[in-house]
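Visitor: Chain order of the listed sequences is A and B.
Numbered continuously in my numbering, the first sequence closes out at residue 177.
Numbered continuously in my numbering, the second sequence closes out at residue 663.
What the hints contain is simulated information worked out from the structure, not anything from laboratory work.
Any given hint could be a false lead.
Said to hold, decoys possible - With a straight-line Cα cutoff of 20 Å, these simulated SDA-like cross-link-like pairs (lysine to any residue) come out: (1) 536/B x 587/B; (2) 187/B x 118/A; (3) 16/A x 602/B; (4) 187/B x 39/A; (5) 441/B x 633/B; (6) 594/B x 578/B; (7) 646/B x 446/B; (8) 648/B x 445/B; (9) 646/B x 577/B; (10) 646/B x 604/B; (11) 187/B x 28/A; (12) 185/B x 65/A; (13) 185/B x 72/A; (14) 16/A x 210/B.
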Amino acid sequence: MQEQELIRRCNANERKAQRLLYDQYAPLILSICRRYTGQQNAEDVMQDSFIRVFKYLSQYRGDGSFEGWIRRVAVNTCIRHLEKAKRLKVDYYGENTPEYPVMPDAISQMSANELLALIDTIPDGYKTVFNLSVIEGYQHKEIAGLLGIEESSSRSQLTKARKYIQRTLEVTQKVEL
Amino acid sequence: MTEKNFFKEKLYQHTLPVHEGMWHNIEAQLPPEESAKRFPVFWMTLFSTALLGGALMIGLFTQQTKADQKPPAPVPNQEVIASSTLIDHASEDADITGTSAQSSDATDASNKNAPAPSATENFTPNISTEKTATPSSKTQSLNQQKTNQQKINTAGTASNTTASALQQSTSNISSSASNTDIVTIKDAEANHLNDRINDYDVSLLPYRNTAATSLLPMADMHAATALEMMAGIAPDPNCYKFGDIGPHYAFSVDLLGGPGFSPKTYEQNGGETADYIQARKDTETNQYGWSIGARLNLHHRSGLTARLGLQYTQVGDIFDYTDSLATQSTTRIDSFFAADGTFLYTEVTQVLIDGTLVKKIHNTYRYLDIPLLIGYEMRLGRNIVALNAGPVFNLTHTYEGQILDSMLHPRYITPGKPGAIDIYKTNVGMSIYLGAGMLFPLTDRLSAMIEPSYLFRLDPVTLDSYELKEKRGYAGLNLGLRYHIN
Chain A
1 MQEQELIRRC NANERKAQRL LYDQYAPLIL SICRRYTGQQ NAEDVMQDSF
51 IRVFKYLSQY RGDGSFEGWI RRVAVNTCIR HLEKAKRLKV DYYGENTPEY
101 PVMPDAISQM SANELLALID TIPDGYKTVF NLSVIEGYQH KEIAGLLGIE
151 ESSSRSQLTK ARKYIQRTLE VTQKVEL
Chain B
178 MTEKNFFKEK LYQHTLPVHE GMWHNIEAQL PPEESAKRFP VFWMTLFSTA
228 LLGGALMIGL FTQQTKADQK PPAPVPNQEV IASSTLIDHA SEDADITGTS
278 AQSSDATDAS NKNAPAPSAT ENFTPNISTE KTATPSSKTQ SLNQQKTNQQ
328 KINTAGTASN TTASALQQST SNISSSASNT DIVTIKDAEA NHLNDRINDY
378 DVSLLPYRNT AATSLLPMAD MHAATALEMM AGIAPDPNCY KFGDIGPHYA
428 FSVDLLGGPG FSPKTYEQNG GETADYIQAR KDTETNQYGW SIGARLNLHH
478 RSGLTARLGL QYTQVGDIFD YTDSLATQST TRIDSFFAAD GTFLYTEVTQ
528 VLIDGTLVKK IHNTYRYLDI PLLIGYEMRL GRNIVALNAG PVFNLTHTYE
578 GQILDSMLHP RYITPGKPGA IDIYKTNVGM SIYLGAGMLF PLTDRLSAMI
628 EPSYLFRLDP VTLDSYELKE KRGYAGLNLG LRYHIN
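Same shape as in the complex, but just chain B (with noise of 0.2 Å):
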């Protein structure tokens, strides 16, 4: 044995005890753990979107119930509402003339139970009632106002108290109807007046607001001034194209993809890697990308709107190498057998060829996102302009090619191939999509779309360990197809 052998069988596997605080020291200059830096950032963005979303969503809701719910809509015949609008004006006129109002008569419970309702109080109910009349109970109901208002004129003794109550309740509905004077319909605009609301469906009214439904009012009103209104009214409000959500939600599926770009930037991770941060861009161009996605999204009558989907993403990158000093070495074999075919000899030559190795590899990169995005949408013309941003969150990243390392070799980027180096993430976390669009209405529930969109990629998608920071984005441009269900 040699003195060699000595040395090397004795200190070869020599190990030496380590204090317990090296590996503090050690930590303490290691990148912090991903999933602990990772987790607020995910959790606490996932967590405020859906709490935005669902506070928006909770108080526009609220919001609208409130609307609805002001008055209750029963569907009353003729009779009812006539009488009903008798026995209130009655109590008016009782009003005027000081008299006793006692209707014990009325049909409406809400009258009965109000405590000393005043002419103002009295008068919602029977807007309400009233809300739902059909037109033809609303033209009789129109003749009996008119016959109220000119007993009121006839009595002559109407109190300015009393007076400017009727008033008040008549310039709640229409600032029209702001003269202080009670206004006598004349009998030519009234009789035309009953014919332009027997030529309307009052049930399209838009909302059926108080303000177009109640016929009260319009006695109150100018002629004139009642059929501008009528003008205004609308077709099918739950029609998509020309008034709002009927309910108070509505879906749709959106299909969309198209081209895009993925540009990239590089930082140092740690060590002086500016040569290796060059060397990278000089051997990496960029390629138009693409993507291809499906949304759910749900509507809000406001115009806000949630959106769930699931995104696939390309880009491509060409790496392009050129090694002007490369040699390729052959191993040559040569057999020698003698005249009688036994086997003599073999040469073994290791040829070295010297050369210009030129690669030309299209790397790929393929993403799977979901995002949940929170949309705007507002209405210019028959068009629909929206607004979308929220969170989209990686599901899986993967990628094949080949690039530099930073010893400047080429080397592997895909997963089992030989040589191959482990540089970039499987999941590159969450990133933040903001995108601008419009929707183009094509027929009762379908709209093209198209929308110009970026993805902010928050993470660099190489590992920690990776002697670069490599971020990337997504400028894509989105075309599609919206599907309207409801």
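Chain A extracted, bound-state conformation (with noise of 0.2 Å):
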């Protein structure tokens, strides 16, 4: 079924319509849920997330890609699940610091689980930008808009990330040697 068949279908409320979307998008979701809310919120997130879907789906303009959007509502869901439960604490003044570069002959030996496991340890004020600007990509105003923070405290919540995501690394290989 094309994509814009399969969305008419799901917004004419037409349930085969709206599984065959969900068995599409549901583990990429899953996924994303994860590395914003930790593994004992993810499911309830992504539950919420296809709710929020196929309620506003008829507002999907056709502009992007379909896929696209579908990602933007998970992590405005994410964010949203965040602040409810407060643990979205985020500076809201911070510095203009550089960004700290995080050691990349270490990432790229590790798997996709244990990056996401190397995530979950990050502060959530810190994980949520860093899962923004760095895997979403998106820019330092559009996450300054989306967290009602100025775009130097997403800045600087990137640096701590990437340091905190550093001495994670560091401590971890002297632990090896």
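Assembly of the complex is requested from the two constituent chains, each provided in isolation within its own frame, with the hints serving as guidance.
Guide: In structure tokens:
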């Protein structure tokens, strides 16, 4: 079934089409939710994300890719969930700090699940900015708008996240040695 | 390759296995599937309407058929009617005098076969035989009856039983003939009655009922009573203006149209959308709409009417939107050339202009419906009052214009327009029509009609996935013409 046809049928509240859409995107959305909210809440947030997807599907204009739109809905749902749970503690007035490089060699050798586990260890405030910037590719201006913070805060949060990852990796390497 | 690429490369398209049970949790929170919800309501209403209409029609048709089947209606000649009358009354005479009354010459087969007929039983076939008699034959018959009754009087030995039997048969026809004595009609009165009868075409008597067409009971009645009855003679009953429908059914066609108004209401569809509802109310004002349609009517003589039609309705709103903080962006491209015409470079400048954006857009909503109505029509002098109700089935619903989306941004609702939102159903399902009207005869076959009506649209006109439930009705004033086919 073509994507446009699938969307049209989902808008008409056809259960089979909705199931098809769910089957197609659920594994991806679950992974996104896992990155933002951790393993414990990922499934709940994923459910909320799909309910919002079906509810607001009629507003999808078809301008960009549908996957991009559905990812954005999932990310927004994750952020809303973190805000509700008061887990999103971001420094609102950060300073402009240079980007802190993370050890590329170590990262390149890690599997996706190891990286997920590593991201899980980052505090929620840093983690959200890290996910949005490094993985989703949002600009600091967009992140600032999304989280209600200043651009400089977004930059500093990212730096702190990178520092945190590097320290974690260094500790891990020392332990391994 | 930087560390950013590694994270993105490994995690951007990363997927995780999903439990089967999660879909059921999501499904439980989704609005129920539309088709499953609407199906029984739609079909059950259609079925019950058809059943009710059919039952009423069959019931009334059966009743009418029974009434028509009471008497066989051969057209006898005068001699047969006269002899038949004579034979019947001869048998009454025989009963009175106590002699055997085997009328072997009787021409009425039903009388022959009837087991031990009483006077009352014999009376009925006589009436039916005379039912279709011409005036002249009736006059002759009347004279014959008069002779018979004179015979009864002269006999003077009538038993109470026989007299009361005769009286009973007479009272079946008219209550005015309830006296216990058999009335002798005076010659003058009889002659006067005969003259009056000859003045009228008996075939025009309303429904040729027994009281009016049987001359036998008239003979039993006082002449004044008979004249009173004759005064009630109606003109051609087949004329729709003065009488009821001649055959069982009649057809007519209505062409109607007129102005209307479409009130609408908003309800929340799940989330907290009170601000959005208010914003839509503030930016959309109702306008008057109009409708036009045609209906084919099947009339039963009881007044019940079935109507099937096609109706087009168009409703308009004005979308009035003002954004005092709007920004218009213009791109300016300046190209620079050398003196010899060689292209040097271009400068692209983005110009932002702050201002107020005002939108005033006429939104249009169009409906094509099939009304399937049951009506009842009754006379009010020369006019007819009609009451109509029934389901209306939507064929298609189209829309164009702009409204606010849930983020309070103006968006197109016209399919195919850039950034259009898909929130309206293309078929709004079943509605209920209620109307009351009046018909004014213009010519033999044409009537003017006026019918205020209201259409309840049972379901929201918006999709289930939309944040609001938008319901619309339509109040219309239909003006039109009815053509009476038969």
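Visitor: Compare the structure with each hint and give your call.
Guide: Results for each hint:
A distance of roughly 9 Å separates the Cα atoms of residue 536/B and residue 587/B; the hinted pair therefore holds under the 20 Å criterion. Between the alpha carbons of residue 187/B and residue 118/A the distance comes to roughly 13 Å, so the proposed pair stays at or under 20 Å and holds. Proximity of residue 16/A to residue 602/B is assessed by CA-CA distance (about 19 Å); at most 20 Å being required, the pair is judged to hold. For the suggested pair residue 187/B and residue 39/A, the alpha carbons sit about 18 Å apart, so the restraint of at most 20 Å is met.
Straight-line distance between C-alpha atoms of residue 441/B and residue 633/B comes to about 11 Å, which keeps the hinted pair within the 20 Å bound. Between residue 594/B and residue 578/B the alpha-carbon distance is near 10 Å, which keeps this suggested pair within the 20 Å criterion. Distance hint between residue 646/B and residue 446/B is fulfilled; the C-alpha atoms sit about 6 Å from each other, no more than 20 Å. Distance hint between residue 648/B and residue 445/B is fulfilled; the C-alpha atoms sit about 11 Å from each other, no more than 20 Å.
Proposed proximity of residue 646/B and residue 577/B is supported: the alpha carbons are some 18 Å apart, at most 20 Å. Using a Cα cut-off of 20 Å, the hinted pair residue 646/B and residue 604/B holds, with the two alpha carbons roughly 15 Å apart. Proximity of residue 187/B to residue 28/A is assessed by CA-CA distance (about 13 Å); at most 20 Å being required, the pair is judged to hold. Proximity of residue 185/B to residue 65/A is assessed by CA-CA distance (about 18 Å); at most 20 Å being required, the pair is judged to hold.
A threshold of 20 Å between alpha carbons decides the hint, and for residue 185/B with residue 72/A the separation of about 16 Å falls inside it, so the pair holds. With a CA separation close to 10 Å, the supplied pair residue 16/A and residue 210/B stays within the 20 Å bound.
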